[in-house]
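Heads up: the protein sequence lines correspond to chains A and B, in order.
Using the working numbering, read the first sequence as starting at 47 and increasing by one per residue.
Using the working numbering, read the second sequence as starting at 38 and increasing by one per residue.
Please keep in mind that the hints were generated in silico from the structure rather than gathered at the bench.
Heads up, some of the hints might be wrong.
Unchecked claim - Within a straight-line C-alpha distance of at most 30 Å, the following computed DSS-like cross-link-like pairs (lysine-lysine) qualify:
{"id": "1", "chain 1": "B", "residue 1": "K474", "chain 2": "A", "residue 2": "K72"}
{"id": "2", "chain 1": "B", "residue 1": "K369", "chain 2": "B", "residue 2": "K155"}
{"id": "3", "chain 1": "B", "residue 1": "K103", "chain 2": "B", "residue 2": "K117"}
{"id": "4", "chain 1": "A", "residue 1": "K108", "chain 2": "B", "residue 2": "K491"}
{"id": "5", "chain 1": "B", "residue 1": "K474", "chain 2": "B", "residue 2": "K484"}
{"id": "6", "chain 1": "B", "residue 1": "K155", "chain 2": "A", "residue 2": "K108"}
What the hints assert, rightly or not - To be clear about the criterion: a stretch of chain B counts as covered by chain A if any three or more of its residues have a C-beta under 8 Å from a C-beta of chain A, and this derived list gives those stretches:
{"id": "7", "segment": "428 to 438"}
{"id": "8", "segment": "444 to 455"}
{"id": "9", "segment": "466 to 477"}
A virtual CB, placed ideally from N, CA and C, is assigned to each residue, including glycine.
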Amino acid sequence: MFIRQISVFLENHPGTLREMTELLGKGGVDLLALSIADTQSFGIVRMIIHSNQIDLAMQLLKDNGYIARINHVICAAVPDRPLGLAGLLAVIEDAGLSVEYMYSSLRKGKNGSAYMILRLNDGQKAAQVFALKDVAMLSQEDVDNL
Amino acid sequence: MIQTAQTNAKKKGLIQMSAKEHLIYNPARECMSRDELHAWQSARLAETVRREYDNVPMYRARMDAKGLKPEDIRSVEDLKHLPFMQKTDLRDYYPFDLLAVPKSEIVRIQGSSGTTGKPIVAGYTRNDVDVWSEMMARTLTAAGCTKDDIVQVAYGLGLFTGGFGAYQGADRIGAMVVPMSSGNTQRQIMMMKDLGVTLLCCTPSYATYLGETIREMGLVPGKDIRLKAGCFGAEPWTEAMRQHLEELLGIDACDIYGLTEIAGPGVAFNCLEKNGMHVNEDHVIAEIIDPATGEQLPYGESGELVFTTITKTGMPMLRYRTHDICSLTDEKCECGRTFARMSRITGRTDDMLIIRGVNVFPSQIETVLVGTQGVAPHYMLIVDRVNNSDTLEVKVEMTEDMFSDTVGHIEAVRKHITDQIKSVVGIATKVTLVAPKSVPRSEGKAKRVIDNRKL
């Protein structure tokens, strides 16, 4: 139950993020979720888009000199209420897993849930544990329908 | 010693009209007439060329290629016929193939950075260590050092010649040596204060940093800190830096010059006139050449400095091109020494950088990048001086292979590059990852260095 994510390398100075989002926006790419990891000198932008736009986005990025790559992450649905996220994190902790990064979807979830994008230290194990503990995960198809 | 007083910057201000008094370690040599010197140099040059020809196959081949025999070199005037030596020779004949004596005669190895990944090393016989110590003893004496002085050595003690050179010179004089090596500023200042150190040897930028830290700690030069002079070298500095240092610490700040290939620090030194550095001409012959044609240039003209050692036995150097640009003068100096003086180094004929006293070649960094998997060989070096300390930033372009969606992975790559550079170049750098194609490409020789230091 993994979905595809695009990561892009950006230098950490004014204008770089705008330029990149403008490039994708003009190409008609719709951002469903986005996060920025920044260090003093560089940043990593991670984003989720519809799978039928991934090739287009990668092409646009590469043609314009960006370093980008696709990898797989988990999108989990958690109850959109206090302690909803804490419950998910408790499952992760009990399983001896750790979160490498996490961010939330820009789209509102269905049935009172919020969508969290996660990368854990062991993705395969996480998927098994989530299935066992009834943590709802979105498939790529679910994401494409957002 | 011919005279025994000492001026310092403070006194100079008070007693403006008094003549400076100069200490000379070896007047018989340092004040010999130019004619005597010429005869001295000619005899030793001929001997050195003979020894080099008989014992170093590489140099014999070079002389043979020019149809030169040792007997063709009889005087200093014949020097211009000899082939040059270069830093690349020390790399190509690393580590022992330039020795003119059996390896068992070598008592010391010192080293410096080479132009690529490997350092260069020089072998010293007992005689060579003595020659070097004598040159440094003269250097320190010229700055006012006697056996009553306490000398703090804050140059690195190791393969780098700075630390050992200063130690040996002070030891030769019989002064009290405090071998601190570099770094640990608080402890340096504590020893300086507690022991009453009178002479400091380190790089000029570190001296400035020490001086500013001393002031920040509320210590008063002249009262808490009793320095009277310093011998500063291993990196380029300016007259403005000298004045700043002299005021900061209340000292005479003397410039010294040297290089591992020739001996180490002390090849040339300031006397208290501080008007050029006296070359120890009874041990080395200095020439200035046109770097493009290799032709000798007359005194007064600026060009590339070339040294020939005439008393070294372990690894003699004949017409060694330093790539440093300066000029020479044999005008008489007020101090009484007859040795010619070299001006400050005004530039380089190659792209060598001096960062915190360490020689750094862009090609060394390139070697590391090319040898690191997934890293592009496109880079830019940004040199600056922050708080009197040189900084070197290495901009490296991000590649597909280096990139990851996690900061941890990218930081690990960055750390790996930083560690690799440190292990080759010997200094810490700041590696910055930049966007692909952001380092300018150019036809032919790319501009790889931006030096923002005001030197």
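**Q.** Hints the structure fails to honour
**A.** Hints 2, 4, 6 not satisfied by this model.
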